[in-house]
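A.B. asks: Could you put together the complete structure from these sequences and hints?
Same order as they appear, the protein sequences are chains A and B.
The working numbering applies: residue 1 is where the first sequence begins, and numbers increase by one.
The working numbering applies: residue 1 is where the second sequence begins, and numbers increase by one.
Bear in mind the hints are in silico, worked out from the structure with no lab data behind them.
Heads up, the beta-carbon is just placed ideally off N, CA and C, and yes, glycines get one too.
Hints are supplied without guarantee of correctness; some may be wrong.
[Stated by the list, open to error] Straight-line Cα separation of at most 20 Å, SDA-like style, residue types lysine to any residue; simulated pairs:
| # | chain 1 | residue 1 | chain 2 | residue 2 |
| --- | --- | --- | --- | --- |
| 1 | B | Lys-260 | B | Gln-146 |
| 2 | A | Lys-119 | B | Lys-154 |
| 3 | B | Lys-38 | A | Phe-148 |
| 4 | B | Lys-38 | A | Thr-8 |
| 5 | A | Lys-119 | B | Leu-124 |
| 6 | B | Lys-205 | B | Ser-233 |
| 7 | A | Lys-119 | B | Phe-123 |
| 8 | B | Lys-38 | A | Leu-11 |
| 9 | B | Lys-205 | B | Gly-222 |
| 10 | A | Lys-6 | A | Phe-148 |
[To be verified] Output of the computed footprint for chain A on chain B, the stretches with three or more beta carbons under 8 Å from beta carbons of chain A:
| # | region |
| --- | --- |
| 11 | 48–62 |
| 12 | 154–163 |
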Amino acid sequence: MQNILKITAILILAILQITLMPYFGIHGYWPNLVLLVALILVIADFEMESWLVASAGGLILDLASPLYFGFNTILLVGSVLIMKIVLIKFLTEPNVITASLLVGLGSIIADCLLVLVTKNFLWTNILANGLYSAIISVLLYQLIEKWFKKQPTIKLIIQ
Amino acid sequence: MSRWRLVIVTLSLVFILFVISFFGWQKYPKNIFWAAVKPISIGFQYSFGRFPEFFQNLFHLGQIIKQNKDLVGENLELQSKLAQLSEIEYENEILKKELNFAQAEATNTEFIPAAIIGRTTGFLKSMTIDKGEKDGIAKGQAVVSQGFLVGTVKTVRPDNAEITLITDFNSLVPTVLQNSRGTGLLRGGLQGLTVEDIPLNIEIKAGENVVTSGLGGEIPAGLAVGKVVATISHQGEIFQKVTVGSPIDFSRLEVLFVVKK
Chain A
1 MQNILKITAI LILAILQITL MPYFGIHGYW PNLVLLVALI LVIADFEMES WLVASAGGLI
61 LDLASPLYFG FNTILLVGSV LIMKIVLIKF LTEPNVITAS LLVGLGSIIA DCLLVLVTKN
121 FLWTNILANG LYSAIISVLL YQLIEKWFKK QPTIKLIIQ
Chain B
1 MSRWRLVIVT LSLVFILFVI SFFGWQKYPK NIFWAAVKPI SIGFQYSFGR FPEFFQNLFH
61 LGQIIKQNKD LVGENLELQS KLAQLSEIEY ENEILKKELN FAQAEATNTE FIPAAIIGRT
121 TGFLKSMTID KGEKDGIAKG QAVVSQGFLV GTVKTVRPDN AEITLITDFN SLVPTVLQNS
181 RGTGLLRGGL QGLTVEDIPL NIEIKAGENV VTSGLGGEIP AGLAVGKVVA TISHQGEIFQ
241 KVTVGSPIDF SRLEVLFVVK K
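C.D. replies: Right under this line is the structure:
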């Protein structure tokens, strides 16, 4: 039941990305909401959910995209994988600032890969999109931390 | 399911779907997906899509009043030109009859209105429209907005289609400069709209209209594209290149018309 709810939420997220996000674009560019959520989830230690968002969200975006099938999925899964490695190796306790910086950087790298295919390479657009993603990620991170983060619990076993 | 199993299953699925995508299987699932998304997209277009325009109008009220004044003047001027053109057309018809000119086949152009139902990313200059094969849309047809060419149909599905904007790097449209009669290819990209491959002997004037030439493909001749801004070719080049300014804001497109020849 919980998995069905998660898949439905991912489906809604991907649909919002292709129908709603273009209206919040700056000069015709808008962040990839699915990528942002996947990266924020892996930073906030919701690893399984993050893989699910990257996999299912990527497949839905591929269904909507005119690019080669699989491009979005590989981009999202790859981004989550790289982010996980960065977190294990360099940043064990992320906070809102580091999360926002990492997401901004992740968005820039993902955009760089995207422009290799679309041949629409302009640094200012990529950097502006990265900054836009970093700002949104602050809100998303706070939201996830406040509403979904499980507080550490101590179990007392009395024998 | 463990995380690695999920990733392996997804990547295997992607690989299989990628391989079979070459056989054109995607057409029908994509068609169903966009047909399902269409009501949501149109809902957002008529709600959130109106906000930026509303606030923009509020902030630029003075500019809008001035623009309105200019447009009234331009409209009157165009009306007088239209009257003159009607006279010329009448005269032309009479002269054709006098000279026993063969009647050219009447151009039968139909404009099919279409709403934009999806855009995946700003880096990709393409969008999905809510009209497809069932409405008579075919690959290569021109797409206009407010009378100006904005793109061409790239992929057609039964109920929807994908269009490539003329601002895309890969878009190529045969055009002609209306006054100097120089022909060239309209291309998108980072430099903005440019017309390339114009012969060197053509004397180009800034401000002249750029229209489609109708050479090859499904795009009819005479569709307005924009005006010549400047010549950007360098000395020693064998062709001329100009930048073209379009009055259309490609990031705020709403209703489009597909031109059916």
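A.B. asks: Would you mind marking each hint as holding or not holding in the structure?
C.D. replies: The hints, checked one at a time:
1. Lys-260(B) to Gln-146(B): 16 Å, holds
2. Lys-119(A) to Lys-154(B): Since the Cα atoms of Lys-119(A) and Lys-154(B) sit roughly 17 Å apart, the hinted pair holds (cutoff 20 Å).
3. Lys-38(B) to Phe-148(A): 32 Å, violated
4. Lys-38(B) to Thr-8(A): 18 Å, holds
5. Lys-119(A) to Leu-124(B): Cα-Cα ~9 Å, so holds.
6. Lys-205(B) to Ser-233(B): The given pair, whose Cα atoms are some 14 Å apart, holds under the 20 Å limit.
7. Lys-119(A) to Phe-123(B): Answer holds: Lys-119(A) to Phe-123(B) is near 9 Å, not above 20 Å.
8. Lys-38(B) to Leu-11(A): 15 Å, holds
9. Lys-205(B) to Gly-222(B): 19 Å, holds
10. Lys-6(A) to Phe-148(A): 13 Å, holds
11. 48–62: holds (count 4)
12. 154–163: Per the Cβ count (3), the hint holds.
Violation of the numbered hints given earlier is confined to hint 3; every other hint is satisfied by the structure.
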